[in-house]
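Letter by letter, the chains look like this.
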Amino acid sequence: MQAFEYVAAKSISEAIDLLSEKGDQARVLSGGTDLIVQVREKRRSLELMIDVKQIPEVNEISYNATDGLVLGASTPCYRIYNNTDIKSAYPGLIDAVSIIGGIQVQGRASVGGNLCNASPAADSIPALIVLNATCAIVGPSGTREIAAKDFCTAPGQTAMGKGEFLTSIKIPIPEKNSSNFYLRFIPRNEMDIAVVGVGASVVLDENHKSFVSAHIALGAVAPTPLYAEEASNLLAGQGISDEIINQAAEAAQAIARPISDMRGTANQRKHLVGVLTRRALNGAVNRVKETE
Amino acid sequence: MPKKTHVQTEINGEGVEFLCEPRQSLLEVLRDELHLTGAKEGCNNGNCGACTVRLGDRIVNSCLVLGVEAEGQKIETIEGIATSEGLHPIQQKFLEHAALQCGICTPGFIVSSKALLEQNPTPSEEDIRFWLAGNLCRCTGYHKIVEAVVDAAKSMNAEVADNG
Amino acid sequence: MAENKEFKVIGTRPIRHDGIDKVTGRAAYGADIHFPDMLHGKVLRSPYAHARIKSIDISKASSHPAVKCIITSDDLPLVEDTITELGETVINLKYLSDNILASDKALYKGHPVAAVAATDPYLAEEALNMIEVDYEILEPVLDVRQAMEPGAPVLHESLKKESMGKEGDHSQNVASHSQRKNGDLEAGFAAADVIVERDFSTATIHQGYIETHNATAQYNEDGELTVWCSTQGAFGVRDQLSKILKMPVSKIKVVPMEIGGGFGGKVQVYIKPIAALLAMKTRKPVKMTMTRTEVFEGTGPAPGSYIRVKLGADNTGKITAAEAHLVFEAGAYPGSAVGAGSLCIFAPYKIDNLQIDGYDVVLNKPKSSGYRAPGAPNACFASECVIDEICQKLNMDPIEFRLINGAKEGDRRCDGPIYPKIGYLETVEAAQQHHHYAESIDQTSNGKLRGRGVASGFWMNGGGRSSVTINVNSDGRINLIEGSTDIGGTRASIAMQAAEVLGLPAEDIMPAVGDTDSVGYTGVTGGSRTTFATGIAAINAAEDIRAQMIGVAANHWELRPSDVKFKDGTFLAQKNGEALQMTFKEVAAAAGGPLVGAVTASPGGAGNGFATHIVDLEVDSETGKVDILRYTAIQDVGRAIHPSYAEGQVEGGVAQGVGWALSEGYLYNDEGHMTNASFLDYRMPTSYDLPSIETVLVEVPNPGHPYGVRGAGEVPLVPPLAAIANAVSRAIGVRMTELPMSPDRVLEAMGSI
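Which chain is which? The protein sequence lines are W, Z and H, in order. Following our numbering, the numbering of the first sequence begins with 1 at its first residue and continues without gaps. Following our numbering, the numbering of the second sequence begins with 293 at its first residue and continues without gaps. Following our numbering, the numbering of the third sequence begins with 457 at its first residue and continues without gaps.
Quick caveat, the hints were computed from the structure, so don't treat them as lab data. By construction, the Cβ of each residue, glycine as well, lies at the ideal position given by its N, Cα and C atoms. Some hints here could point you the wrong way.
Each pair of labels, with its calculated beta carbon distance range [claimed, not checked]:
no.: 1; chain 1: H; residue 1: 1123; chain 2: Z; residue 2: 378; range: 16 to 26 angstroms
no.: 2; chain 1: Z; residue 1: 410; chain 2: H; residue 2: 1127; range: 17 to 27 angstroms
no.: 3; chain 1: W; residue 1: 266; chain 2: H; residue 2: 541; range: 44 to 54 angstroms
no.: 4; chain 1: H; residue 1: 849; chain 2: W; residue 2: 291; range: 46 to 56 angstroms
no.: 5; chain 1: W; residue 1: 289; chain 2: H; residue 2: 477; range: 31 to 41 angstroms
no.: 6; chain 1: H; residue 1: 899; chain 2: W; residue 2: 289; range: 22 to 32 angstroms
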C-alpha cells in the first residue's frame, strides 16, 4: 500500500481547505470500508486522507416533523438503523443500510461514503432517490444542493467539484399514506454487491386503493443509479393492480442498460429489474397498508 | 520512510500508546506493533471477519480501520474477553459444543457473538445467522457455532435471572 | 447415536485439549510468529497467464536501502526429473521447483518470478515494483477441451503425448490418459432397458481455508535450517525442502504452528522454500505471508473438469453397464486428481461392466492441488446425477435403486480390491429410515419450486506412516507427542484412543503436535488418515506403556509380569491368596524412572468411507436463487472417537459442497486473469446461507482398526454436489449439469432468460 498522510479534520472549513489544496490527491475518509480497500488494492492513489468523523455537522442526525431528516454524511449505518425516527419515516432507507456488507461493515460504512464512492450498485442510492433526497455540498464557493438522482455522474464519479465535499443528506418528511422499500438481488444471502437493486416509494390515496404518486429507482443496471421516470409517472392516479405494477416494471426494464460482469449477466439483470420492481412496489404498498 | 504518528488509545481496558504509519491498519498495529495476534488476517478487505474487534460500541473489521483512527477510542479484542474469573460463557459454550475445528475464525466469531448477545440477549436462530454472516468459517458449516451461541444466550440469561 | 457402553472414553465428548488457547486467541498460528530482527519476504508474480521470461533485472531493486536480498529461479539448485510423494498425490520434482520460482516460462498469472527480503513489508513491496522483468507474452489456454485440441498453445515442450504410459512424438497438453476396464461394456449396454448419457462440467474451486499461507525461516551458521509454518504435514514440508534445496533432511527442522484450515491445500510448498532461501542468504529470520489474492492465484485449487457419464440399467433397477470420461484440469503442471476421481466415480455400486477413461490436462492456471477427497466430488457429481436421472426414467425411488445396486463386503471395487466389511448399504438404509426422508416435500410454496435430492459418495481413505511418543509423568498424567498437525480436533481423538487403552480419562492425556526433530516421521494430516493411522500409533504406544507399567507393578509386588492383569486403569494381581491392586497413578509414582513408549505405525486397512445425503431446497423461479431448506448427511465413520468432531467433519464438508454447487468458482477473463480473486466475489457460504445440518453417524466398525475407526474427513464433500443438483433438477424439471448452479444458470435452464 502506498504511503499517505492522515489528518483528522476538526471543521468543515478545514476539510475544504485541504481538499482544495490537494485536489484529487486527497480523499475524505468516513467509514473507510471502500476507500481503504481501493488504496490497498492500488485502484486509487492519494497523498492525504481527511478523516471527517470528528466534524460535528457531518456526523449528526436531526429529524423534525416539518423539515424532515438531515443526515450527517459520515453517520455510520448502524446509527441510522437504530434511529427510531428514520425507522418509521424511511423504512426503505433502513432496508438498504441494513444489508450493506455485514454487521462489521455497518459499524463504519456511511450513506455519504456510499454516495461519494458512486458505485453503480450502491445500495443506499436507489433508496435515497425515491425518497427525493438531496445532497448538501459545501465547497470553496459556498453551499449547494444536488438531488440524489443527479449526484453520481459515472462509475466512481460524482457531480462535486474540486474542494467540495458532502456534508449531509436531506430527506423531506414523508407524506401521509406513503411508504418506501428497497431490495436487491444477490447470489448469496448477504455480503454480496447488488446484482440489481430497486428502490420504490409510493403515496396512496386515503383508502389505499390507488397510487397518488410513486417513485422507482434502479441500481446496478447502468453506469449510475437510475431514476425510472416514466415507470414512476405511469403509476400516478392509477388503481393498484398487478397489471399496472407489471406495466411499471416493464417501463423500468426498458430504461435499464446493464452489462455482463462477474456478478451477473445483462439478460439476467434486465429480467431481475422486472421482478424486483414488482416486489419493491408491492413491498411499499403493503407497508402503507400495514402501518396505517 | 514515512513519518509515524503517535496514537493513544484504550485496548481491553488498558491505556495503550503506539507509533504507526497512517497506511497501517488497526489489524496490522494490533498484530505487528502490539503483538495482540488474536485478531487474524483472512482477506484484508472486509469480507471474512477474522479480524473483528470491538471499536467503541460496535464490532468492526480491523483491516478496514486505520491504526491512526484508534486515537481516543476504546477497543476490545479477543484477548480481553476472558477475565481473571475465567472464560466468558460464549468461550465456554464454543468449547462444549465443539464450535471450532481449526480455530482461526474463532476469535472473530467470539467477539461478534458477544456483541450480538449484548445487543439482543434472546436472538432467534435467524438473528444469529444474519448477525454472523460477516464472519466466514470454512471448517464447521456454522452448525455448532449457532448451537453454541444459542446455549450461551440461555446461560447468560439464566445468570442474569439468578442475579436479578 | 446411542451412548457407547463398550468404551469408557471413546464416544464421549471431552473438551479438546487445545480448546482454551483457541477461544482466547492465545494459540499461535504461523503468521503470529515474531522475531525482533526478522526480515519480511515478498514475491513478485507474473502478471501474465502465459509468457516466456526473457530476462530479470534486479539491479534497481537491489539498490533499495531496505532490501537485503533478491532471488530468482537461478538461486534454486537444479533438480532431477523425478517423481516424489506429496501427501495423497505425487509430483515431479522439477515441476515442484519450477512452481516455486519460474525458470523459463510463467505458466499462470501469479506464478512467482522473483522474491525480495527487506526490513519492512511495505518497503519489500516497493522493491518488488523496481524489479524489471522482460516477458514475451504468449497466448494462454484456459479450457481443458481447448487445451486438448491440436494447435492449442503448448505449456511444456517436453510433454509429449502419454497414453497409458506410451510416449508420443509431439508436444501437447495431455499429461496422461489412464483407463480402467472391467467386463463387457457393449454387452452391458445392450442388456439395458434404460440408458442415460450426460456431459457435466465443474469450475476451478479453491479450498477456501481462512488462514493464508505463511512461512518463517531461519538459517544458522552451522547449516541448520528451521522453518515455522502452518502446514498439513511438517515431515512432508521437510522432504520437499530437502529435495528442492538439496539439503539433507536432518539439517532441516520444520516446526508446525497451529494451522487455520488446509483441506488438502497446505501440503505442497509454495513460499516455504523462498523463505528458506532468503534466510540462507541473509542469515536473518525471514517471515512471509500470502495475501488472499496470492492464495487464489498462487496456490493449488481443485481442478475444474468435464465429465461424461453413460449408465445403463434394466427394468428391475440393476445397473448393467457404466462408462465415464473424465477430463481434469491439472493446472500449469501435470498431476490432477483424475486418477482418484476415476476410482471413486462408481465405487458405491456393484457394476460388472465398466470403462473409465481419465485425462490429466495442463493449462494456464495454477497447478491443481488436493481438496477434500480430491477428484471424487467432481466425479460423483456426474455419476450420482446420472443415477438420479435413471431413477426418474424407471420411476424408481433413488434410495431403492441404491439398495439394489449398493456394494458390500466381497464385491470388487472397479480398480481391483475386494471390499472388506464396509458400511455403504447401512448409510442408504439409515437414509431410508430417517424422518427427513419420510416427510414429503411440497412441490411449490409461495411461488417457490421445491425439490428433494439424494446422492451417495465414497472415499477410499488413507493409511500412511505415523509416529507417537508417550511419556508418563510421575503423577500419572501422560504427555503424548504426535506428528499429525491438528486441523480439526484430531489431537483430542488421538489422545482419547490412548486414554481408552490406559483406562485414563481423556483429561489425563496431554497431546502435543511435535516438530520434525521431536517426534518420529509422520505423514500428512489428510487422506482421512489421522484418527485412523495416528490413532493406531497412539494405541500401540499406549499398549507398550501398559506393558512397561505391568512390569513396574510386577517388580513392585515381586511377581512376574504375566501374573499382573490390567483392567479399567487398574493393575491387579493375586499373591498368596491376597488381591493386590495399584492405580495407574500409583504405578507411575512407583516407576522410579522414565516411562516412555515410542511407536511408528504404517497400517493398512484404512477402511473405505461411504455417505448418503438428503437435501430439500427451494428455487425462487423468478430469480433462480436456490435456498437450502433442510440437509441430512449420513456417513459411516466406523467408530466415532469424539462424535462432535466427527460430526464437525460432516457439517463442514456439507457447507463446502453447498458453496461448490451453488456459488463458488474461479472466473477468468480472456487474458487468463482470475477476476474474482477475493472473498467478495469468490462466494463461499456464510452462516446466513445455510440451515442447520443434521448429521447421522453410522458405525460399521472397520476391522482394520482396534476401535473400528474409518477415516471421516473427506467423504462429506463427495455427495453434496449431486444431491443439490438432483434437488434443483427435480424442482425445476430440467437437468442441471454445470456447476456452479448460479442464479443466472438456473434462470437459463428454466428458459426465463
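Against the structure, the hints:
1. 1123(H) - 378(Z): 16 to 26 angstroms: Given range 16 to 26 angstroms: violated, Cβ gap about 47 angstroms.
2. 410(Z) - 1127(H): 17 to 27 angstroms: 48 angstroms, violated
3. 266(W) - 541(H): 44 to 54 angstroms: The hinted range 44 to 54 angstroms holds for residue 266(W) and residue 541(H), with Cβ atoms some 48 angstroms apart.
4. 849(H) - 291(W): 46 to 56 angstroms: 53 angstroms, holds
5. 289(W) - 477(H): 31 to 41 angstroms: 55 angstroms, violated
6. 899(H) - 289(W): 22 to 32 angstroms: 30 angstroms, holds
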